[in-house]
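Asker: Assemble the whole structure, with the sequences as input and the hints as a guide.
There are 4 protein chains.
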Amino acid sequence: MKNTFGQSVSFTLFGESHGEEIGIIIDGLAPGIKVDNDYIRLQLDRRRPSGRISTSRSEADNFRIVSGVFNNRTTGTPICILIPNTNKKSGDYSKLAVLPRPGHADYTAMCKYHGFQDYRGGGHFSGRLTAPLVAAGAIARMALAEKGIYIGTHIKTLAGKSDRSFDTENIKSDIDSLAKSNFPVLDEKSGAEMRVEAEKAASEGDSVGGILETTVIGMPAGVGEPWFDTVESILSHALFSIPAVKGVEFGDGFALADMKGSTANDCFTTDGKSIATKTNHNGGINGGITNGMPLLFRLVIKPTPSIFKEQDTVNLNTMENTKLQIEGRHDPTIVHRAAPVVDAVTAMVLCDLIAGRFGTDYLK
Amino acid sequence: MKNTFGQSVSFTLFGESHGEEIGIIIDGLAPGIKVDNDYIRLQLDRRRPSGRISTSRSEADNFRIVSGVFNNRTTGTPICILIPNTNKKSGDYSKLAVLPRPGHADYTAMCKYHGFQDYRGGGHFSGRLTAPLVAAGAIARMALAEKGIYIGTHIKTLAGKSDRSFDTENIKSDIDSLAKSNFPVLDEKSGAEMRVEAEKAASEGDSVGGILETTVIGMPAGVGEPWFDTVESILSHALFSIPAVKGVEFGDGFALADMKGSTANDCFTTDGKSIATKTNHNGGINGGITNGMPLLFRLVIKPTPSIFKEQDTVNLNTMENTKLQIEGRHDPTIVHRAAPVVDAVTAMVLCDLIAGRFGTDYLK
Amino acid sequence: MKNTFGQSVSFTLFGESHGEEIGIIIDGLAPGIKVDNDYIRLQLDRRRPSGRISTSRSEADNFRIVSGVFNNRTTGTPICILIPNTNKKSGDYSKLAVLPRPGHADYTAMCKYHGFQDYRGGGHFSGRLTAPLVAAGAIARMALAEKGIYIGTHIKTLAGKSDRSFDTENIKSDIDSLAKSNFPVLDEKSGAEMRVEAEKAASEGDSVGGILETTVIGMPAGVGEPWFDTVESILSHALFSIPAVKGVEFGDGFALADMKGSTANDCFTTDGKSIATKTNHNGGINGGITNGMPLLFRLVIKPTPSIFKEQDTVNLNTMENTKLQIEGRHDPTIVHRAAPVVDAVTAMVLCDLIAGRFGTDYLK
Amino acid sequence: MKNTFGQSVSFTLFGESHGEEIGIIIDGLAPGIKVDNDYIRLQLDRRRPSGRISTSRSEADNFRIVSGVFNNRTTGTPICILIPNTNKKSGDYSKLAVLPRPGHADYTAMCKYHGFQDYRGGGHFSGRLTAPLVAAGAIARMALAEKGIYIGTHIKTLAGKSDRSFDTENIKSDIDSLAKSNFPVLDEKSGAEMRVEAEKAASEGDSVGGILETTVIGMPAGVGEPWFDTVESILSHALFSIPAVKGVEFGDGFALADMKGSTANDCFTTDGKSIATKTNHNGGINGGITNGMPLLFRLVIKPTPSIFKEQDTVNLNTMENTKLQIEGRHDPTIVHRAAPVVDAVTAMVLCDLIAGRFGTDYLK
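If you're matching them up, the sequences are chains A, B, C and D in order. Using the numbering used here, the final residue of the first sequence is 365, and nothing's skipped along the way. Using the numbering used here, the final residue of the second sequence is 365, and nothing's skipped along the way. Using the numbering used here, the final residue of the third sequence is 365, and nothing's skipped along the way. Using the numbering used here, the final residue of the fourth sequence is 365, and nothing's skipped along the way.
One or more hints might be untrue.
If several chains are the same, the list does not tell them apart, and a pair holds so long as it fits within one copy or across any two.
Distance condition first, Cα-Cα at most 30 Å in a straight line; then the derived DSS-like pairs of lysine-lysine [to be verified]:
#: 1; residue 1: K279; residue 2: K96
#: 2; residue 1: K89; residue 2: K201
#: 3; residue 1: K148; residue 2: K35
#: 4; residue 1: K89; residue 2: K35
#: 5; residue 1: K274; residue 2: K310
#: 6; residue 1: K89; residue 2: K162
#: 7; residue 1: K181; residue 2: K201
#: 8; residue 1: K190; residue 2: K261
#: 9; residue 1: K261; residue 2: K162
Worth flagging that the hints you see were computed from the coordinates, not collected in a lab. Nothing here was measured: the structure is a model prediction, and the numbers come from that model.
Answerer: Laid out in structure tokens, this is it:
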């Protein structure tokens, strides 16, 4: 499997930045799940570029569901979502085929596809393909919400500015506040500072990265496998396929390196009815299996590789060192636009894990 | 697939800490690979406990290969490696079934297996199962070495003490120095400091964690998939199934969050024959695909959850809050013992990726 | 995986008989394969209904390739082929949701999808979905032909009338004669008799079945696995998903039950350079692995379940026994239309097997 | 996946005819299933050679379960079953490496494994590996029986002699009568005739084949997928990996080729509570999905390829035509010994299908 993810519920992604249409197939989702096109529309809008910190390429993302939904409910058979590419620049992209952009996949695509790849706008590697992911994830999120499972992602840091952490006493409220935001932060003041930094980098022809933090509430305990399909394994597998992600950590993550066991262990407590842990340093996962606490993880988005500053590269035809001045439309940061993608990918993974554990009808 | 990893070359792990035998099946490895039992022995010894910073449980790890190797070479059919459990304590483990240890999988195993799990010594979740992983990885490493692909892992930090980084000018030499070490560091002085800290924590009935850093040289460019099987995806999937791993990062990883694109991008350069990047902030991977530079990644090992300090837990029978005093044999740190496991898992992943890309005979 | 087939090269099918569009994703096919739209067109036309022995529903099958092909060659990334449904009857299909048709999937779909399935015209179970299979198979066949691998299928029997067998001395010539035929037989006189019988059954409001026989030449020896992915296993897996197939046999198949070993064994012979078998009772496969001889297999297509004769069924709403008079447009036989589908599915399987064995670039 | 079968419940087979041990891993089976070693013993005994119509190689099949079973119940983690090879002939097998036996996998193994395969006694291709399949299937059958699902296989024909069909009014009684038989027929008189024919062929240095027929009662409706994982697809995939199987058919199978739709269709009927079909020409499967009727299928076992008659072959070293006189221990027929293997493989498939449909706890 290459462009397919998932075992019980699977997702197959296709398309190129400048091809006719891009899309995704969702297979194995239970029948009878209500599909609200407005909610899909909302999530796609969250991913769309916005203002000075995004690319000027504007795509309406007018999705069509051409199979698998009947009378506004899932049928149980494959759902195909298509999104046309409308705002394709007709310019000459052939330069990209010869002068690989640093930090991009141009060179590795050449190594893998021997020059037959569609190099226009990054082709199949383009962040444009996260649009169908978001659309598919929106359907997955609707299914999960029916079971009381909610996902929220905020910008933890951007260009060195930090947001506050999730309020563990009011996570649902935090999640709700993020659900519709195009620039999802928990503290709007921090968000404003982030935008200032991003715009500053943009004005210098440069780009910035950041960290996204995600939480999930309502996941039942007992989901995941000790080897090799731990919840961390499956989630990281999916998350690392989002372009620009270079690190994923769960619970306290890399900070655990400097802790002692007596601090890092999450002790159990009960009210006589249910069991919880007093702390959540392990991000809701022990031994690869959910323990009923909120999932918590973070991932790093590297600074967008497309920058306007001149860079060194190699001319693949002449095999000579040369300079590259990237033109066109670019995002000085994609951290905020990646947030709904992380929400979507997380939802896809959880649907797969739940269907594998509880059967194909569970999410009905 | 649950306890099976890999598509073209796959690994199936089985056994419990106190069962009769543990083992692994390797399937899909090319025929004709030379199998040197001494090398397997060496790698297993690197994983064995050592001195005051390890458990007192001592297992000889007398492995047997009962299939798939004929005349000291792989046949191409499944290789089964078995390792008996000999040093099982005959004590009473039933307490563990009722009083889940914080930070361990005891509680989540109960949620998943409803009490039918073998709870003795962690059962199937035990770090003991990394022994067959190391044995299988040793065979994978022998195959890769024939193709000039070498893997090395060192302790980057332990209990707050840091090792030096890989010397990018002499990586092979660094890798060679790590290959036989039971406590793999690049700077022995740092290693001594780490051991002091670990012993100190042990004397307090506590435990410590750390960070492992791995590099791979010799990987051909053009391996991996843009979606969803990026090299980062597949590696992290496998690495997160190693017990106690809570974070994985590639290249500069989380540090990329605070960089600008003009720094993070790895510019291309050529000598007229081959192409390289001037820096390696992306850890040898662009767009999910290898670019021919050394792979570089780090993972965090949380402090061992088994500590002698008294901890809060819940009695699952009575559903009352209670205290737990863990007895038995434990590792105050497993960071150094995890290093050969990371080497092994990395080798397994690379064999799978390479066989999928170049066919089943490539590693012959 | 549900609607996805294949490991190294995979195919994901989606759509419903009366949905907006149907289609298929091909993933993992080598980059650089020439894609000739006229050849796809030809194969789709072979599958289209023809004359009195087919349904009167006429679909133009105006396929579009919206991804994965660039400058008329495969890119190596997923190929999405879409085919619109244009000739949908606007009639009332709700009766089908209540009165399941004998021999169809109406009742089992209700058991599986709980009434949420798209029941119009058989929905996702419709033979209409074999159109994208044929389109995808056409691309696979173009790739195989470049390597000298050719596939041919003829109607061995239809309504009790038999075609001659493949001429083992001139298989390529036989294959060529079948390649463009809408009613593929090796002996046109037998074909005429078959059509007479089929039309006779049609005039009685009934339907007929038959047997298709397929051969493949040019397959390299050494492809397939002893357990569990024998060539027979993989081919039968794919072939049994073609609607109406109820049996698959290789070589002499069920006739082997009455043979002795001394007859059934295919003895080896050599001209000093290459090795062949004197006979081919095993259909080119020993121990699940190709031996370099032509593949040979047959499958049975049951008589089309849609007939005009009145039949017994149950009203699922009232749970009462009742009569069903099927209306609409039907095929009195689909045997001939299934032939290009079998060609296509066979080509898909072989591409997958070959890529797994020889790597992703082999078919380039 | 090569030697692994199944998605939700999977089976990984390993070992060689003359290796140290052979075995199987069962993964994903629900926790809490009772494991009765006597029942496994019984099924293994049914597979053991018996009298003049079997090989003289006698293996005790003293299996050990070394993981995944605790207190006589499945734990939910991988079950490893090991069976030692004890009765290995120490003779010289190197001739087999040079003179491939007609009808065997010797030549194709050479093409695939380039001479590194373990050629002794057929190596990994040996029918000896069906012993672990039977042991694993026994556990699967115990799980299914708890849910009221029963499997029975009889010898439909052997050497031209036929058994009676299943009595559709008393299938459970027929299944029970087959459950313990070493030569499973429904009509003992026919069985006696079969044995006479088999012994006659044996006395001539030849071998015979036959047809096995299997039924399954108690399968819930609504299991299976339209594309590509039909119940027929999954079952045939598994069944074709049993050595010597060259054809599989469901319901009336190839006989459907000569039927009309009005006969082949199974009409529905109800008693007001449940729904059944009046006939079962489709073998309990419509559109690839179970309909609640008994499953019914047949497979052909070709005559054992090992015969004592002299045969033509090629010397692979000298590339010259030569004669081969097979020595050693052989089965003049394996049809009866294959029956418990078919039972076992069927049980494995059904556990996988059921776990995928209803979740991992369903069989608990």
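Asker: When no copy is named, should K89 and K35 be tagged within, between, both, or neither for a Cα gap of at most 30 Å?
Answerer: Intra 33 Å, inter 25 Å, cutoff 30 Å: inter-copy only.
Asker: One pair to classify: K181 and K201, alpha carbons no more than 30 Å apart. Within, between, both, or neither?
Answerer: within (26 Å within a copy, 50 Å between copies)
Asker: One pair to classify: K261 and K162, alpha carbons no more than 30 Å apart. Within, between, both, or neither?
Answerer: both (28 Å within a copy, 14 Å between copies)
Asker: Given identical chains, is K274 near K310, meaning Cα to Cα at most 30 Å, within a copy, between copies, both, or neither?
Answerer: Only across copies: K274 and K310 sit 27 Å apart there, 60 Å inside one copy, limit 30 Å.
Asker: With 30 Å as the alpha-carbon cut-off, assign the pair K190 and K261 to within, between, both or neither.
Answerer: between (34 Å within a copy, 22 Å between copies)
Asker: Up to 30 Å between alpha-carbons, please classify K279 paired with K96: within, between, both or neither.
Answerer: Between copies only: 22 Å across, 57 Å inside.
Asker: Treating 30 Å as the Cα threshold, decide for K89 and K162: within, between, both or neither.
Answerer: neither (34 Å within a copy, 52 Å between copies)
Asker: Could you figure out if K89 and K201 sit no more than 30 Å apart (CA to CA) within one copy, between two copies, both or neither?
Answerer: within (28 Å within a copy, 56 Å between copies)
Asker: Could you place K148 and K35 in one of the four classes (within, between, both, neither) given a Cα distance threshold of 30 Å?
Answerer: Classified as within: same-chain Cα gap 13 Å, cross-chain 33 Å, threshold 30 Å.
Hint compliance for this structure: hint 6 is the single one not met.
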